[in-house]
Amino acid sequence: MITEQIAPEALADIQLSHEEVQRYSRHLIMPEVGMTGQKKLKAASVLLIGAGGLGSPLAMYLAAAGIGRIGLVDYDVVDTTNLQRQIIHGTKDVGRPKLDSAKERILDINPHVQVDTYPVPLTSANALEIFAPYDVIIDGTDNFPTRYLTNDACVLLGKPNVYGSIFRFEGQLSIFYAAEGPCYRCLFPEPPPPGLVPSCAEGGVLGILPGTVGAMQATEAIKLILGIGESMIGRLLLYDALNMEFTEVKLRKNPNCPVCSENPTLTELIDYEQFCGMPAHDRSLYAAEESGHGSVRQMSPQELKSRLDAGENLFILDVRERHEWDISNLSHWGARLIPKAEVTMRMGELDTAQEMVVQCRTGVRSTAVIRELQQHGFKKLWNLDGGINRWAKEVEQALPVY
Amino acid sequence: MKVNFFATLRRIAGQKTVEFEVAEGATAQQVLDAILERFPAMREELLDEDGQLFPHVHLFINGRDVPYMPDQMATIIKNGDKIDLFPAVAGG
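If you read the protein sequences in the order shown, they are chains L and Z.
Using the working numbering, the first residue of the first sequence is number 1, and each one after it goes up by one.
Using the working numbering, the first residue of the second sequence is number 403, and each one after it goes up by one.
Just so you know, not all the hints are guaranteed correct.
Quick partial rundown of chain L residues pointing at chain Z, CB under 10 Å, derived from the structure [to be verified]:
(1) D139
(2) S165
(3) P189
(4) L308
I should point out that these hints are in silico values taken from the structure, not numbers from a laboratory.
This one's a predicted model, so the numbers in the text were calculated from it and none came from an experiment.
Virtual Cβ for every residue (Gly too), placed ideally from N, Cα, C.
Here chain Z stands alone, though its shape is the one from the complex (with noise of 0.2 Å):
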């Protein structure tokens, strides 16, 4: 399954589009988990003090906003779907 990761995480990962293995009914939940294990760098940027994304943090999964989806983070991500990670930026 493909991450790809905008603007400030971009920076992080070192790249734009990072290959993540998970297992066969992994959630969104266990994909960001897996994210934050492979760049630990990456929750300061991600997750607030109690562990939720930022309000100005997104993740899209096939172009679908998770909390807009039924199951929301615990959405089962399939092989072959596309994850879009991006922050709010403000430059001008």
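If we strip away everything but chain L, and leave its shape as in the complex, we get (with noise of 0.2 Å):
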């Protein structure tokens, strides 16, 4: 157990102020925390991979909660999109990068904690050197790759990996720690093939969502150094904000799983967006160049405006949602909307001969639909690169980014 690597002789030399015994007075009047309880929090140190939506009540609760030392892994910058969930940053953070943003808010709710920032995108190079020196690693990142380099690190290390992943209104929530339980390869041994499951840009998230899960991140994770309480190891929640259920399975090691098992076949770090089929980065923002690998064709929004200004016989399939089209549409161009899990019923509706501009949000389904299309014939098809928002920054203004 995690708090056994706290050794009690570490706790002798952590002293609290007066300040902050006033500040962990809730905790402090709890037998299951106390002093000795408070001192394992400040001598502790958790290393967050990721300061977006989970990441943001996962440094903030840690914070609050006495937590010594926290590490904050991430090389984005806040942007406008991100305010609806990532709740450490502010509206006047957009543009800065997030871990500056992060810290100056940690720092504000707790000045007793050390924040490391590693504002560098996590990679098999610097993965074990980053996570050494921390106790508990979280996983709050947001794509397949670096989950995967993630848990193998935290298997190699004999780190503790306390795990949360989003979807929409639904959230999973486990520990995942080769010396006690299963890893996150022995539920998962390999991703999913690359585009079948959306990301929270593609297929969006309810704001509050990682709040919930990320606090239950957090929870974990004071548990796990308090060595309090029934944690996680060897169980997976299923939360589902919609029906507010929660659903509870049992997990078990693979004995033939190829990173925590007795005879490993994965003994060092792998090349992860490889193993994947997908770089390691929020995917909406990478659909150009995943649209451009093998033979679908590209048209600029400026390429598309032009030849229909010139009266070019050029029909727009819009794959989107409904709701989606509600929110900006090329209708005034001619476009129809045929959802993406309808265009196979719907074929028939589609002429192969006519020269055809798939477009969706940002590039990604439409260039799948077209990849579907292709396979049944129709060879006429452009992709819209970008998708309606970059048509809409950089054609039409007066259209919204969504």
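Once you've looked at the hints, go ahead and assemble the two chains, each given alone in its own frame, into the complex.
As structure tokens, then:
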């Protein structure tokens, strides 16, 4: 258990000032925490991978609780679309590095915390070095490659990985700690094929959802450090905000796990982007690169505009959802809506002879639809590069970007 | 028998919990077949090229992971059993 890593003699050097005693009063009067527990929290170090939706409540609650040292890994800058859920950042922080605003907020909550920032992409080359000084690692990242990297680095270093992930209205929570239970690869030996499971940027997310899941991750981290309660090791919680239901399933250690079994085949970190077949970033940002692979032809918004202005016969197929169409659409250019999930069934409504520009929000879904249509004999296809959002930014500013 | 669909699967099912009628003695595989018959669009979310469940998808019967049950997909499903079907998600 993690508390064994915090040796009692280490606690002997930990002192709480009068101000700290007052600050942590509501902890200190509970026997389950008390002075010893509060010193354990102060002696503990926690590394947060990601300072976004999950990282925001994690950092704020762990700081408030008196964790002595908090490390943050994130190289992103604050974007307006983050503010709906990433509550550690404010409106004034848009455009700033996330770690700058996060550190400022943490120290405002609790100046006794040592905050270490790592404003770099987490990679196989730096993960072990960054993880090494910390007692607990918390996975709050937003993509599969970094989740596998975080898992493998934790297993190799023997550290617990407090795992949380979110999708639209649902969350998943567990602790992957190979010393005492299964790891992430025991549960998910391989990632989904690229493009099958959307990211928050593609699928949307209820803003408060990462607040709930991140707060549960922080709870588990604090329980691990204090050595109290029943931990989530070997258990997976499926949280459903829409029905307000919690489903728990039991996890097993995979005896053939490539990384945490007795005879592992994976004994060092690998290339996780290659393993997952996707970049370790929010995929919407990489729509253009992703769709550049293979034989999907790209048309820039400027080119589409000039061809439409020239009166060319181009049909625009919008493959987003109806509620996205209501936000912005190109119906004034003759666009028609057939959501991605319906394209296969409604292919008869489309004309293979017609030159067609397929369009979604950022260009990811439209690429998938083009590949599908190509398999059914459609050849005169273009992808609107960057989707309707790029069109709105570069050609038709009257349309909103979402 | 109730099947709970999570995340990407829930969107296809249109709701979280769907009731399925299965014959007495039906196996987990037969339940999966019934799911795919009702929701053909789920095939590409659930099955790989060989028709096996993707490694990132889990079918739990009464909170237990099917690959670790003795009969795996041949496990007999009883009335009142609860099935949870969920994929890995990575948002944060």
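Hints and how they fare:
1. D139: With a closest approach of 8 Å, the L/D139 hint holds.
2. S165: holds, 5 Å
3. P189: With a minimum Cβ separation of about 4 Å from chain Z (threshold 10 Å), the hint on L/P189 holds.
4. L308: This interface hint is violated because 33 Å lies over the 10 Å limit.
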